[in-house]
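Residue strings, one per chain:
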Amino acid sequence: MCSLALFPPPLPSGQTTLCESNNELLSGATTEDRLKQESSPLSLYFPRESLKLHSRTESSSKAAFLDHSETLWMRSAAAWRDGGLTGLLNEITNSHTDVPKCLSVSSGCILALLRKISSFHGSLFPHLTLSSEDMIAEFSQVLNWSDCVVRAFAWHPHTDKFAVALLDDSIKIYNPKSVTTPTLKHRLQRSVAAVQWKPLCASALAVACQNCLLVWHVDPCSLSTRPSSGCAQVLSHPGHSPVTSIAWSPSGSLLVSASPMDTAMMVWDVASESCVPLQRVGGGGVSFLSWSPDGSHVLASTPSALFRVWETRMWTCERWPCVKGRCQSGCWSPDGSRLLFTVLGEMVIYALTFTDTPAGVPTSTSKGPQAAAVVADLSETTFNTPNGDVIIGGEIQSLAWDPTGERLAVLLKGDPQAADRRPAIIAVFKTRTNPIFELLPCGFIQGELGAEPRLMQFHPNFQHGALLTVCWSSGRITHVPFYFMGAGVPHFGLSGSPSVPRPQAGPADFSNHSLFTELIS
Amino acid sequence: MFSAEQSCWFVRKVICWRAAASIAWAVLLLPPITAVFVILSKFSLLHPIQTISECLSLLTSASAVFSLILLCGVILMVGFLNLEYYTVIPTIACSKIALLGQLLHPRQLVNSLVHCIMGIIVAWCCAITIGGRYETLGYPCAQSDGDSSPQMCLNEYHLILLLAGAFVGFSYSLLGVIHNMNYVSFHTVQQYKYLRFKGSLPLVVKCSATQALKSVRNYVVVYLFLGYIPKAWICKTLNLHLNSSAHPLDSIAGLLDFSLLYHLWISASFLLFTWHITLLLFRIFVTEVYSFPVQSSFTEDVHQCLPKVLTDNQPMILKFLALQDLALLSQHSPSRRCEVFSLSQPGGHPHNWNAISKECMSLLADLTQRLVAYHDTVATNGRAKSLSTGSERKTSSETSVTSGTDDLMSPRPTFLMKTPASVFARSIVGGPQSPLTAPFTPDLDSPFASPALRRLTAPVEQCSPWFGTVQSPHVMRRGPKLWSTSTDSQVNGSPQSSPASVPSPKQEPSKPSLLAQFLQNRKEQVKNFLAKRVLIMYLFNKLPEASSQALFADSQAHIWALEGLSYLVQASFSEDQFGVVQTTLPSILSCMLVLQEAVDRHFKLPHASSKPVRSTGSMGDSTYKTLRFALRATLKTAIYRITTMFGNHLNAIQMSAEHRKRLQQFLEYKE
Numbered sequence: 001m002c003s004l005a006l007f008p009p010p011l012p013s014g015q016t017t018l019c020e021s022n023n024e025l026l027s028g029a030t031t032e033d034r035l036k037q038e039s040s041p042l043s044l045y046f047p048r049e050s051l052k053l054h055s056r057t058e059s060s061s062k063a064a065f066l067d068h069s070e071t072l073w074m075r076s077a078a079a080w081r082d083g084g085l086t087g088l089l090n091e092i093t094n095s096h097t098d099v100p101k102c103l104s105v106s107s108g109c110i111l112a113l114l115r116k117i118s119s120f121h122g123s124l125f126p127h128l129t130l131s132s133e134d135m136i137a138e139f140s141q142v143l144n145w146s147d148c149v150v151r152a153f154a155w156h157p158h159t160d161k162f163a164v165a166l167l168d169d170s171i172k173i174y175n176p177k178s179v180t181t182p183t184l185k186h187r188l189q190r191s192v193a194a195v196q197w198k199p200l201c202a203s204a205l206a207v208a209c210q211n212c213l214l215v216w217h218v219d220p221c222s223l224s225t226r227p228s229s230g231c232a233q234v235l236s237h238p239g240h241s242p243v244t245s246i247a248w249s250p251s252g253s254l255l256v257s258a259s260p261m262d263t264a265m266m267v268w269d270v271a272s273e274s275c276v277p278l279q280r281v282g283g284g285g286v287s288f289l290s291w292s293p294d295g296s297h298v299l300a301s302t303p304s305a306l307f308r309v310w311e312t313r314m315w316t317c318e319r320w321p322c323v324k325g326r327c328q329s330g331c332w333s334p335d336g337s338r339l340l341f342t343v344l345g346e347m348v349i350y351a352l353t354f355t356d357t358p359a360g361v362p363t364s365t366s367k368g369p370q371a372a373a374v375v376a377d378l379s380e381t382t383f384n385t386p387n388g389d390v391i392i393g394g395e396i397q398s399l400a401w402d403p404t405g406e407r408l409a410v411l412l413k414g415d416p417q418a419a420d421r422r423p424a425i426i427a428v429f430k431t432r433t434n435p436i437f438e439l440l441p442c443g444f445i446q447g448e449l450g451a452e453p454r455l456m457q458f459h460p461n462f463q464h465g466a467l468l469t470v471c472w473s474s475g476r477i478t479h480v481p482f483y484f485m486g487a488g489v490p491h492f493g494l495s496g497s498p499s500v501p502r503p504q505a506g507p508a509d510f511s512n513h514s515l516f517t518e519l520i521s
Numbered sequence: 001m002f003s004a005e006q007s008c009w010f011v012r013k014v015i016c017w018r019a020a021a022s023i024a025w026a027v028l029l030l031p032p033i034t035a036v037f038v039i040l041s042k043f044s045l046l047h048p049i050q051t052i053s054e055c056l057s058l059l060t061s062a063s064a065v066f067s068l069i070l071l072c073g074v075i076l077m078v079g080f081l082n083l084e085y086y087t088v089i090p091t092i093a094c095s096k097i098a099l100l101g102q103l104l105h106p107r108q109l110v111n112s113l114v115h116c117i118m119g120i121i122v123a124w125c126c127a128i129t130i131g132g133r134y135e136t137l138g139y140p141c142a143q144s145d146g147d148s149s150p151q152m153c154l155n156e157y158h159l160i161l162l163l164a165g166a167f168v169g170f171s172y173s174l175l176g177v178i179h180n181m182n183y184v185s186f187h188t189v190q191q192y193k194y195l196r197f198k199g200s201l202p203l204v205v206k207c208s209a210t211q212a213l214k215s216v217r218n219y220v221v222v223y224l225f226l227g228y229i230p231k232a233w234i235c236k237t238l239n240l241h242l243n244s245s246a247h248p249l250d251s252i253a254g255l256l257d258f259s260l261l262y263h264l265w266i267s268a269s270f271l272l273f274t275w276h277i278t279l280l281l282f283r284i285f286v287t288e289v290y291s292f293p294v295q296s297s298f299t300e301d302v303h304q305c306l307p308k309v310l311t312d313n314q315p316m317i318l319k320f321l322a323l324q325d326l327a328l329l330s331q332h333s334p335s336r337r338c339e340v341f342s343l344s345q346p347g348g349h350p351h352n353w354n355a356i357s358k359e360c361m362s363l364l365a366d367l368t369q370r371l372v373a374y375h376d377t378v379a380t381n382g383r384a385k386s387l388s389t390g391s392e393r394k395t396s397s398e399t400s401v402t403s404g405t406d407d408l409m410s411p412r413p414t415f416l417m418k419t420p421a422s423v424f425a426r427s428i429v430g431g432p433q434s435p436l437t438a439p440f441t442p443d444l445d446s447p448f449a450s451p452a453l454r455r456l457t458a459p460v461e462q463c464s465p466w467f468g469t470v471q472s473p474h475v476m477r478r479g480p481k482l483w484s485t486s487t488d489s490q491v492n493g494s495p496q497s498s499p500a501s502v503p504s505p506k507q508e509p510s511k512p513s514l515l516a517q518f519l520q521n522r523k524e525q526v527k528n529f530l531a532k533r534v535l536i537m538y539l540f541n542k543l544p545e546a547s548s549q550a551l552f553a554d555s556q557a558h559i560w561a562l563e564g565l566s567y568l569v570q571a572s573f574s575e576d577q578f579g580v581v582q583t584t585l586p587s588i589l590s591c592m593l594v595l596q597e598a599v600d601r602h603f604k605l606p607h608a609s610s611k612p613v614r615s616t617g618s619m620g621d622s623t624y625k626t627l628r629f630a631l632r633a634t635l636k637t638a639i640y641r642i643t644t645m646f647g648n649h650l651n652a653i654q655m656s657a658e659h660r661k662r663l664q665q666f667l668e669y670k671e
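Protein sequence lines correspond, in order, to chains A and B. Okay, so the first sequence: first residue is 1 according to this note's numbering, each after it adds one. Okay, so the second sequence: first residue is 1 according to this note's numbering, each after it adds one.
To be clear, the hints were calculated from the coordinates, so they are not data collected in a lab. These figures come from a predicted structure and were not determined experimentally. There is no bait here: all hints are sound.
Restricting the straight-line Cα-Cα distance to at most 35 Å, the calculated cross-link-like pairs of lysine-lysine (DSBU-like) are:
{"id": "1", "chain 1": "B", "residue 1": "Lys358", "chain 2": "B", "residue 2": "Lys193"}
{"id": "2", "chain 1": "B", "residue 1": "Lys670", "chain 2": "A", "residue 2": "Lys185"}
{"id": "3", "chain 1": "A", "residue 1": "Lys185", "chain 2": "B", "residue 2": "Lys611"}
Isolated chain A (complex conformation) (with noise of 0.2 Å):
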């Protein structure tokens, strides 16, 4: 088991993480460094300030007109159209003066026992009275998702282009290839949780919304900087929102979502529109997916302590329930065989290993494992450094395992409100499978002074090694690349991930090159 004790210590404050190299992480303070760093075309920064906010939702715009009596019959279908059954009662049993006292009475107790019925239900499940901002907030991948300019992130799984959705409820699409960076605006495009790009595919964007899921069709020729809302594809389903979470098989054909408020998890078949609810009992919801990289098994986790893996041949699914808390994160290993995971918490990070079928036996149900293992344990640790003693540590927010199955980030919460104050931080482990599963430290990565990393991805096909981007609290992003040998080109399988690194890549090599050549010593 790997401890967070065995770490080098973290650097001292105003340095920041620029690469690994040689085996050890290289830090420059700087300002050419930062300057070299900024000047690459990939290292964005997003001033809050820059970004034009909604200041108000669209229903208290109600306020600046003047309050005109309509019929009952009028505000009764505004009401059922705005505000559903608990809407329509509501207005019933405030207009006394319309409406025979027996009805008004008889809505007053009608809503009164939707009252109590939806109370209990969400004693059982608390996660359903948050709003869905809330909601979404709790349960994103992205640390203090509501504060952050850069809600989600997404690098395409082939070329190097990758999706910044931002604070505005906006979506960049940035191609070092190419001039245009096109916005996309969608009417329905609003608390964007989670984005995805199709694989095997060059223009499929899939977002989740706060009502819907949006599919944009961004053509990489077109020199349009703003798509209209035509190449957008609106994927809903009564009840499933808000969407908190997505997936797209690794063969691009399937997209499954989630949401913590439907027990049932959707399975998409995005061009026909039309989809297959997988539901069973137990979890209230689901939260978060991941797809393994071979296509085999997809990781649901719900609200509850509970989470489920389903073998995606037949859709049967495995529960695991856990001991504390729901599961926060996962990842799985390139090969699809293991799952890591975190619990709410706990500090300690879990694996999971699932022992392939026997070849040609057409077994649907998948044999797993029957306990997970501890591999690391990542509680609070603290550090002698120059400055004093810094203390690091705590519970997990997310995961990424890169490609290669060579490095592990480890986003930690930190805990602000603390008086020692431990700061958010990215612990990186190295990670070998065979001939035995192994965590090795690594180190910390740190951005400049104040900023807390809030979301990070592996590049997926980083030709030199690892490419792990991060954005910050500040509202930059940038890219630490880890350059490595990796111990062999990793066997996949063969239903599987097409995300094979390959040598001989042209142009993206290139591009590479100019990006991170100056680093290399």
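Here the structure of chain A is known, so what remains is to put chain B in place on it, guided by the hints.
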């Protein structure tokens, strides 16, 4: 015949058993459904315990057992009709008149009649179980004129329930045609039968209830106006009397009986629910994956192996299941893939791979050819764009088409060569015979398209480079114009294309005689006159999108072929020990690229890319409406799957410059 025997094999051994199993389950589910129906029909809020005891006594009575046996018979019949009428390729009516034709087809009339009778039987059983005032058709009543002898009167409540059953049965069969209820679609997400059934059960309940509500609403309106006809007829034939003291039900006051409406609705829901359950079970059982052996060591089983089964065209369900199995094995099963890539033991030929890839590619080529032909008819007949000279239309793709047709016209034999043109040539030769072209109804423009436009476009067509031998038979055969057939052939036809059908004086359209011109003007006047009649326009106007849907009606097969091929090619990178895939890789790629081009062009047509309206609350499967989008997405993914796997190795493959350019786009992720 060998193939006939084979189809017998599959239908006899698999499909029939699956249908039997589904019917058996439906029959097993009948008693609980009936129990729920009895409870719901007799439920009274004020006496819950009494309701339950009544229901229990009713369920154990002899009449209940008898009606249950009758209902079982109905379910058996419904199951048999499902088996008899199901299809995996939907029939899509391109205009209202075609839909009318479908509805009036004798086969469909028989179906409707049988459903009517079954509806009456179910309604009779409902009447027996509900009991009370619904129980018998006649009852003794005192005569109004003071005569003491009791006589039998008509119980209108019984009659209205029976007629409701007939009406709902009829509308079920009618809506079955309109919504393509007999179409069996295959799911992309594989699930176990029980889970799939459980998942779709709420939907069935919902749509049965809503459908019953709609049917009852319509029925009540019909009965209000026309109810006196069956009433009088029944009275006359059975010598019953009308009780004048009772309320007549075909009046507004009589029909505003809440309890009656509730019983009508609950009976209709029960009827539709049992039938829908039977249909749902049938669909689930029939579309279950069937695993065909890839190769067999016994010669008598060879006709059951995948490569042989794929090439069969009858029955269609066999081909579809085989293609589904191919797509799944290529994705999930390394050992079966290994069998596909294996060589035959004496001789060392990759027979399995050759047969599979050949069949898949011929499917794709068939679709390409269909799309190109459709596009040509539309481009030359419907749009003003073709007013420009023919050479302008010769875009990149059409050059390949032209070369393909040149190949065909040239005397040398057309073998399967490694050029894209050969794919075309082959498909053109083999295309028309293929049964997959059966649902082909390509005529997008209405028969009332402006005649002036047509006259203008016709000469252009004539000087276009591929006017003549290959193209015009397509245009003529595939473009059934309502009244303008002779006009068209007169303009279109050239001596070498159809010398027999065209009368000789009309062969020179450039110098028409005065008489011919006069006749043509008359004809156009007639057409213009008819085009202004609203009803005729309504009946004969093409439904937008419908022709596009019809083109892609069987595209599920193409989707599986694309998936199967692309996964196999992807796996061949590491699994194919003898390099059997390499020899066909160029033709697979060019086949896909040509199809990609044709699909792209098709989606530029009006109505092709408009999304169909999502219909909810109907048991009809509307998957076929979006198959073209699924095909487009699958095609792109399939090409990307190959290019991502092989990368720059693909540059070593011989292909035309056109295709290489196209492929480069895919390699750079710019499509």
